[in-house]
Amino acid sequence: MLRVAFLLIIAVLAALVSWQVISTDQGTVEITWFGTEITTSALFGLLVLVLAVAVALPLLRLLMFLMDAPGRLGKVSQRAKVRRGQEALALGLIAAEAGEFEEARRHADKAEDLIDEPRLALLLQARAAEVSGDTAAAERAYAGMLQNEDTEVLGRKGLMAAALKRGDRVAARAHAEAALKASKTATWPFQYAFDLAVQQGDWENAIETLDAGDKRKQIEDKVAKRRRAVLMSAQSQKLERERRPDKAAEMAQKAFRMAPAFAPAGAMAARLLVGEGKPERAAAILEEAWENGPHPALAHAYRDLAPGETREARAERMRAFAERRRDSRETKIILAELAMERGDWGGAQAALEDAYRENPSSRICILFAQVARGRGDENAARTWLAQAAAAPREADWSDLDPEGPAFLYDDNDWARLVYAFGDGGMLIHPRMERGGNDVLGPVMAMPTAVLTPPKPELRAERAPDDVAEEVEEIR
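Start counting the sequence shown at 1; every next residue gets the next number (full-length UniProt numbering).
Read the hints as simulated data drawn from the structure, not as lab findings.
Some clues are possibly wrong.
Said to hold, decoys possible - Result set (DSS-like, lysine-lysine): computed pairs, CA atoms no more than 25 Å apart in a straight line:
#, residue 1, residue 2
1, K215, K157
2, K184, K157
3, K247, K217
4, K217, K254
5, K184, K215
6, K184, K225
7, K157, K181
8, K181, K217
9, K181, K165
10, K254, K215
11, K215, K225
12, K225, K181
13, K238, K254
14, K225, K254
15, K222, K184
16, K157, K238
17, K184, K217
18, K247, K225
19, K222, K254
20, K238, K217
21, K215, K181
22, K238, K278
Kindly generate the complete structure, drawing on both the sequences and the hints.
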């Protein structure tokens, strides 16, 4: 304001000087004040006026400053209070993370008194309570955050963690799903809501949650498709248990279309379609599934599509089916078994040698033993059986029940499969992992127990179960 007054004086003086130079009639000013008359030149009168204004401005500024002093002092005090509150908040968070429980609580109380910001105070209270093990106090603090839109998601996360800690998965899932609706960008609500739905076997809601995460680009597209295929297959099995075969078949076909390389979906869809009297459609699905990912269960299902056909017709149909993926190890095993069925031991051995080079497992060794017995070479058979006892096992799915569903998964198996196949593209073999039947059961892709027996003069091999028992004796 002093600067304004100074500039005003300079401007007026400059104007007066200009006026003095230009004007010849400078005029007069008469002032009457309480009976006193003052007469002066106009120039001097203006100069006095300007000086009066120049003096009045600083005085006015001083007056305004004095009038505003209490407010200024209050703001200074408030800023100091906020700084102390921020310091208390920082020290409280540091103490909480360092495990200094009482110190964290003390700073939390101090921060609450100093800062008019309940969000930060609630956060510090929650963290201090969590570190000290006071779950109830932490939940109260997190519950308080739900009242504010800015802290709702954080509050839900804290309440979910507390619910998981006490084993309440239902409440934890509810908080995760609520956070998923409240936030469009946070990734943890999708992950937890999906995982908890899968763990509880709620396949339908798991699919909906996966769709939400997929739309938000919170999961890779290929992983989402594989996970969705597993979830739809699990839902199909559930619908079948509920005696809703039409819906089950529809869901299984959707699962197969989502991931044609997922053998359980293809096998399940084909089986349900056969039940509906649609073997041609079932055959088309099995053939496409075999081309995308050969699996013994698919060979089982394809073999049984025409139960009344002759042995020769079935063998020819299976050969054409297997050779859709000539490069597959499972194809070589099926071709070896077909050769064994017709007594072509040389052809069987040639096919098995290719499979052996890829993976010399106990499964292949047992099949070699059967070929040796078919040729009447007991010494070679015993040698192969001894090698089978020491060879690595493989999840060959040879324990499949020819009279029942190929994939006898329960809810826990499906839950694990969501991640094993969904994330890594790998099938799990739950019965083998549980210690049940494994590769030392019937080792063939098409167990001989359900094949038409060959002519007596060609059948020199023993049943696979007998071979497995002999392997156990060697072990």
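Between the alpha carbons of K157 and K181, is the straight-line distance 25 Å or under? Measuring from Cα to Cα gives roughly 13 Å; hence the hint holds.
For the pair we were handed, K222 and K254, check the Cα-Cα distance against 25 Å. holds, 16 Å
Please verify whether K247 and K217 have alpha carbons no more than 25 Å apart. Given that 25 Å is the threshold and the Cα spacing comes to 29 Å, the pair is violated.
For a C-alpha distance cap of 25 Å, please report whether K181 and K217 respect it. Distance ~15 Å between K181 and K217 Cα, so the pair holds.
Are the Cα positions of K181 and K165 separated by 25 Å at most? holds, 23 Å
Please work out if K215 and K157 have their alpha carbons no farther apart than 25 Å. Judged against 25 Å, a Cα distance of about 22 Å means the pair holds.
Regarding the pair K184 and K157, is the alpha-carbon distance no greater than 25 Å? Given pair K184, K157 holds - Cα atoms ~15 Å apart, limit 25 Å.
Between the alpha carbons of K247 and K225, is the straight-line distance 25 Å or under? holds, 20 Å
Take the C-alpha atoms of K215 and K225, compute the straight-line distance between them, and say whether it is at most 25 Å. holds, 12 Å
Starting from K184, check that the Cα of K217 is at most 25 Å away, please. This hinted pair holds, its Cα atoms lying about 11 Å apart.
Under the criterion that the straight-line Cα-Cα distance not exceed 25 Å, is the pair K225, K181 satisfied? holds, 22 Å
With the threshold set at 25 Å, check whether the alpha-carbon distance from K238 to K254 stays at or below it. holds, 15 Å
Checked against the numbered hints above, the structure violates hints 3, 16 and 20; every other hint is satisfied.
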